[in-house]
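Could you put together the complete structure from these sequences and hints?
Here the protein sequences line up with chains Z and D, keeping their order. Under this note's numbering, think of the first position of the first sequence as 43, with each following residue one higher. Under this note's numbering, think of the first position of the second sequence as 43, with each following residue one higher.
Treat the hints with caution; some may be incorrect.
FRET-style restraints, in silico, Cβ to Cβ [stated by the list, open to error]:
1. Arg-206(Z) - Asp-285(D): 50 to 56 Å
2. Glu-321(D) - Thr-255(Z): 54 to 60 Å
3. Leu-306(Z) - Tyr-74(D): 40 to 46 Å
Everything labelled a hint here was simulated from the structure, so no lab data went into it. Note that the coordinates shown come from a computational prediction; the quantities given were computed from them, not determined experimentally. Glycine residues also receive a C-beta, built at the ideal position from the N, C-alpha and C atoms.
There are 2 protein chains.
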Amino acid sequence: MAVGTELLLGQIADTNSRWLGEHLAAAGVSSYFHQAVGDNRERIVTALRTALARGEAVIMCGGLGPTQDDITREAIAEVMHVPLVRDEAVVRRIEALFASRGRDMPANNARQADVPQGAQTIEQQRGTAPGLICPLGHKVVYAVPGVPHEMEEMFTRAILPDLRRRMAEQGEEAAIVSRVLRTWGTSESALAEVLQGRIDALDEQSPAGTGVTLAFLASGIEGIKVRLTARARSAGEAAALLDAEEREVRAVLASTLGDVVFGLDEVTMEQALAAVLLERGLTLGVAESLTGGLIASRLVAVVGASTWFRGGVVAYDSAVKHAVLGVPEGPVVREEAAVAMAQGARRVLGADVGLGITGVAGPDPQEGVAPGTVYVGLSAPGAGDLSRVLRVPGDRQRIREYSAISALDLLRRTLLRSAEETGAAATG
Amino acid sequence: MAVGTELLLGQIADTNSRWLGEHLAAAGVSSYFHQAVGDNRERIVTALRTALARGEAVIMCGGLGPTQDDITREAIAEVMHVPLVRDEAVVRRIEALFASRGRDMPANNARQADVPQGAQTIEQQRGTAPGLICPLGHKVVYAVPGVPHEMEEMFTRAILPDLRRRMAEQGEEAAIVSRVLRTWGTSESALAEVLQGRIDALDEQSPAGTGVTLAFLASGIEGIKVRLTARARSAGEAAALLDAEEREVRAVLASTLGDVVFGLDEVTMEQALAAVLLERGLTLGVAESLTGGLIASRLVAVVGASTWFRGGVVAYDSAVKHAVLGVPEGPVVREEAAVAMAQGARRVLGADVGLGITGVAGPDPQEGVAPGTVYVGLSAPGAGDLSRVLRVPGDRQRIREYSAISALDLLRRTLLRSAEETGAAATG
Numbered sequence: 043m044a045v046g047t048e049l050l051l052g053q054i055a056d057t058n059s060r061w062l063g064e065h066l067a068a069a070g071v072s073s074y075f076h077q078a079v080g081d082n083r084e085r086i087v088t089a090l091r092t093a094l095a096r097g098e099a100v101i102m103c104g105g106l107g108p109t110q111d112d113i114t115r116e117a118i119a120e121v122m123h124v125p126l127v128r129d130e131a132v133v134r135r136i137e138a139l140f141a142s143r144g145r146d147m148p149a150n151n152a153r154q155a156d157v158p159q160g161a162q163t164i165e166q167q168r169g170t171a172p173g174l175i176c177p178l179g180h181k182v183v184y185a186v187p188g189v190p191h192e193m194e195e196m197f198t199r200a201i202l203p204d205l206r207r208r209m210a211e212q213g214e215e216a217a218i219v220s221r222v223l224r225t226w227g228t229s230e231s232a233l234a235e236v237l238q239g240r241i242d243a244l245d246e247q248s249p250a251g252t253g254v255t256l257a258f259l260a261s262g263i264e265g266i267k268v269r270l271t272a273r274a275r276s277a278g279e280a281a282a283l284l285d286a287e288e289r290e291v292r293a294v295l296a297s298t299l300g301d302v303v304f305g306l307d308e309v310t311m312e313q314a315l316a317a318v319l320l321e322r323g324l325t326l327g328v329a330e331s332l333t334g335g336l337i338a339s340r341l342v343a344v345v346g347a348s349t350w351f352r353g354g355v356v357a358y359d360s361a362v363k364h365a366v367l368g369v370p371e372g373p374v375v376r377e378e379a380a381v382a383m384a385q386g387a388r389r390v391l392g393a394d395v396g397l398g399i400t401g402v403a404g405p406d407p408q409e410g411v412a413p414g415t416v417y418v419g420l421s422a423p424g425a426g427d428l429s430r431v432l433r434v435p436g437d438r439q440r441i442r443e444y445s446a447i448s449a450l451d452l453l454r455r456t457l458l459r460s461a462e463e464t465g466a467a468a469t470g
Numbered sequence: 043m044a045v046g047t048e049l050l051l052g053q054i055a056d057t058n059s060r061w062l063g064e065h066l067a068a069a070g071v072s073s074y075f076h077q078a079v080g081d082n083r084e085r086i087v088t089a090l091r092t093a094l095a096r097g098e099a100v101i102m103c104g105g106l107g108p109t110q111d112d113i114t115r116e117a118i119a120e121v122m123h124v125p126l127v128r129d130e131a132v133v134r135r136i137e138a139l140f141a142s143r144g145r146d147m148p149a150n151n152a153r154q155a156d157v158p159q160g161a162q163t164i165e166q167q168r169g170t171a172p173g174l175i176c177p178l179g180h181k182v183v184y185a186v187p188g189v190p191h192e193m194e195e196m197f198t199r200a201i202l203p204d205l206r207r208r209m210a211e212q213g214e215e216a217a218i219v220s221r222v223l224r225t226w227g228t229s230e231s232a233l234a235e236v237l238q239g240r241i242d243a244l245d246e247q248s249p250a251g252t253g254v255t256l257a258f259l260a261s262g263i264e265g266i267k268v269r270l271t272a273r274a275r276s277a278g279e280a281a282a283l284l285d286a287e288e289r290e291v292r293a294v295l296a297s298t299l300g301d302v303v304f305g306l307d308e309v310t311m312e313q314a315l316a317a318v319l320l321e322r323g324l325t326l327g328v329a330e331s332l333t334g335g336l337i338a339s340r341l342v343a344v345v346g347a348s349t350w351f352r353g354g355v356v357a358y359d360s361a362v363k364h365a366v367l368g369v370p371e372g373p374v375v376r377e378e379a380a381v382a383m384a385q386g387a388r389r390v391l392g393a394d395v396g397l398g399i400t401g402v403a404g405p406d407p408q409e410g411v412a413p414g415t416v417y418v419g420l421s422a423p424g425a426g427d428l429s430r431v432l433r434v435p436g437d438r439q440r441i442r443e444y445s446a447i448s449a450l451d452l453l454r455r456t457l458l459r460s461a462e463e464t465g466a467a468a469t470g
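Written out as structure tokens, the structure reads:
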């Protein structure tokens with residue numbers, strides 16, 4: 043249940059319900075209804091009563107802020123028929139949070155420490171509002187802030203474990219465990235086609251609601267995910283099923299689509315690349331034009347990046363490409379320029395490996411080159427200098443993001459391949 | 043009301059509810075509740091009865107396809123207590139649609155011509171499924187396909203006119219228009235505190251459901267939004283109310299919190315900064331350490347950035363700060379280093395204005411400086427060289443993102459202020 047007039051007015055999208063749906067499903071919890079309601083006490087109460095009548099647990103997102111139109115706490119207390127009680131320990135945590143930013147807590151924020159009598163709080167770790175776990179007979183209402191990163195953290199840390207405990211008490215727990223193979227460079231339909239045989243085989247093997255299922259998730263731009271979900275009597279049994287199926291799926295993909303799996307679960311492309319660089323003891327420098335710092339900013343998001351990432355040059359203006367990176371005068375939206383940028387990055391930044399990227403994000407063509415045309419250049423010990431052309435569909439932002447991941451993937455695959463070849467030569 | 047198990051599983055986002063909310067609000071129709079439900083007849087019926095009990099009109103999206111799990115038609119007929127009747131004229135339109143693609147209509151698609159007795163159809167113009175207008179006493183249920191462009195076309199062509207007609211009959215027609223003031227550098231509670239007087243005044247002035255309301259939206263990291271919503275008899279009248287209230291709110295904010303409003307509606311911080319740079323005819327170069335390209339990548343997202351953005355240096359490794367940017371040897375997590383980076387960016391990238399940022403994203407301290415400590419340096423004609431220290435709470439990613447926006451805002455405010463001073467000096 044999402045709370046906030048801005049949702050009803052369409053001013054923001056309700057991404058929380060989608061996120062919760064996905065994560066509840068992965069955890070084996072059936073969700074039957076979503077609701078959104080505005081900042082109106084009577085209607086929140088009505089919606090909450092409806093939700094409780096239709097399910098055993100309700101997750102409410104939003105309406106826990108400090109202002110007068112944040113009334114989720116009041117609505118829950120009304121449905122529970124209990125008063126709100128100010129939790130002084132929570133007040134002190136909020137005060138400490140403000141103090142750490144060198145500020146006094148505004149009086150309004152004390153409202154965030156009001157707790158329906160009989161409810162537990164979920165300690166706030168990212169924002170000022172704590173979450174709530176509110177028992178109603180054998181049912182339960184969870185309340186979390188509407189800010190996605192606060193909600194997601196509380197769901198994972200407190201709500202999901204509480205739900206699992208309740209399911210176990212009711213004897214509903216089967217172990218449901220998921221694993222996600224992250225792929226890049228292929229389409230959902232191509233994956234579905236080559237894995238249809240596995241899906242059919244799994245359907246035949248597991249008629250009784252146990253066993254493994256495969257699903258595809260095209261969640262945004264970060265590649266297609268192949269989700270393996272195992273249902274068994276214990277977590278160990280489920281993990282063994284997943285191990286076996288992961289081997290099968292990897293073998294099918296490697297023999298048909300090549301090296302499309304770059305990692306598991308929450309691994310990002312930059313983490314996958316970082317692992318390869320670390321293993322080979324190489325440092326990296328990047329030179330970016332159309333991606334404008336997107337590649338560098340992804341790389342520094344990896345914890346420990348300072349051991350292998352030297353830095354980057356965002357050469358948005360052509361003059362910067364020539365003056366700073368030493369790209370020869372002439373056209374700069376060319377494969378040769380991408381390679382020269384990679385060499386320049388290697389030299390200027392003192393890195394072992396250089397990655398260069400140039401191209402046209404649009405909306406207009408540049409140097410006669412159409413939007414969506416992107417050139418990636420690499421310069422690396424062992425692999426030498428090479429370049430690739432990408433044709434990327436979509437708008438300006440999509441072209442930039444897709445190009446950034448593609449460039450990281452190209453570097454990852456190239457380094458892996460040159461390591462294999464070096465290994466083969468050394469042992470051959 | 044959105045129908046489809048894929049919504050509950052989080053496999054697709056419910057963009058229709060947001061679109062409808064936005065367009066209903068713009069048309070002056072209050073929407074009070076959103077629901078999503080899976081492809082389960084019993085639960086669709088329950089949700090539809092709930093929706094009808096809570097409102098006078100219900101729009102259902104989805105479940106009108108040709109397959110056996112598309113059961114919106116059946117559920118509506120059950121709630122209406124009427125049978126489904128096949129509409130032969132609709133069958134012929136579906137057949138003609140397939141014929142125009144050189145194909146025969148699959149038998150399943152005839153189901154899409156089933157209409158609850160007493161309902162009207164909305165002719166399909168983009169897909170195979172017609173929409174439905176289903177009267178239930180003085181209330182009404184509209185059903186449209188879940189495919190966004192089919193839904194949007196039917197809403198505009200048939201549903202909105204029908205709703206307007208019903209509202210006119212009940213004398214309820216009004217225009218609702220919103221405007222959002224984007225702020226940075228203050229908290230939701232501080233805004234609420236200084237604007238409480240306006241909120242109280244507005245409450246007194248508009249007891250009859252007309253007039254202006256204020257609300258605060260804390261949507262993620264991009265600052266707090268102050269939303270002004272006006273309800274009036276016409277769009278022109280509503281806009282005039284908004285203009286007047288925007289002046290009041292801006293005056294209150296300027297006199298209490300300073301220059302916290304950076305733009306309106308969908309304007310981003312980088313667009314606000316771009317407008318200042320463009321107006322003053324200045325080019326910009328950036329030097330980033332902990333933000334690692336995040337600032338540069340935000341800047342190039344602005345269409346037309348090539349006219350004022352020269353590029354950036356991501357000096358993640360200290361050696362790059364010294365060698366490329368000319369930061370003096372010694373500690374690099376200092377205000378002096380941030381200023382030297384700004385000067386270096388200006389010189390190396392050939393830019394009028396230089397922005398430098400260094401600090402500690404964590405998790406560990408660096409050079410004895412605690413995580414969340416960030417130094418921003420500026421070097422600009424007119425403003426000279428200056429620096430600021432930020433203390434940013436949160437994890438690594440949040441520290442980086444918050445620092446990036448803060449640095450952009452600092453530059454924006456500094457350029458605005460130096461322009462004012464120059465203007466004052468010139469006219470003084």
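For this session: Go through the numbered hints given earlier and state which of them the structure violates, listing their numbers in rising order.
Result: none
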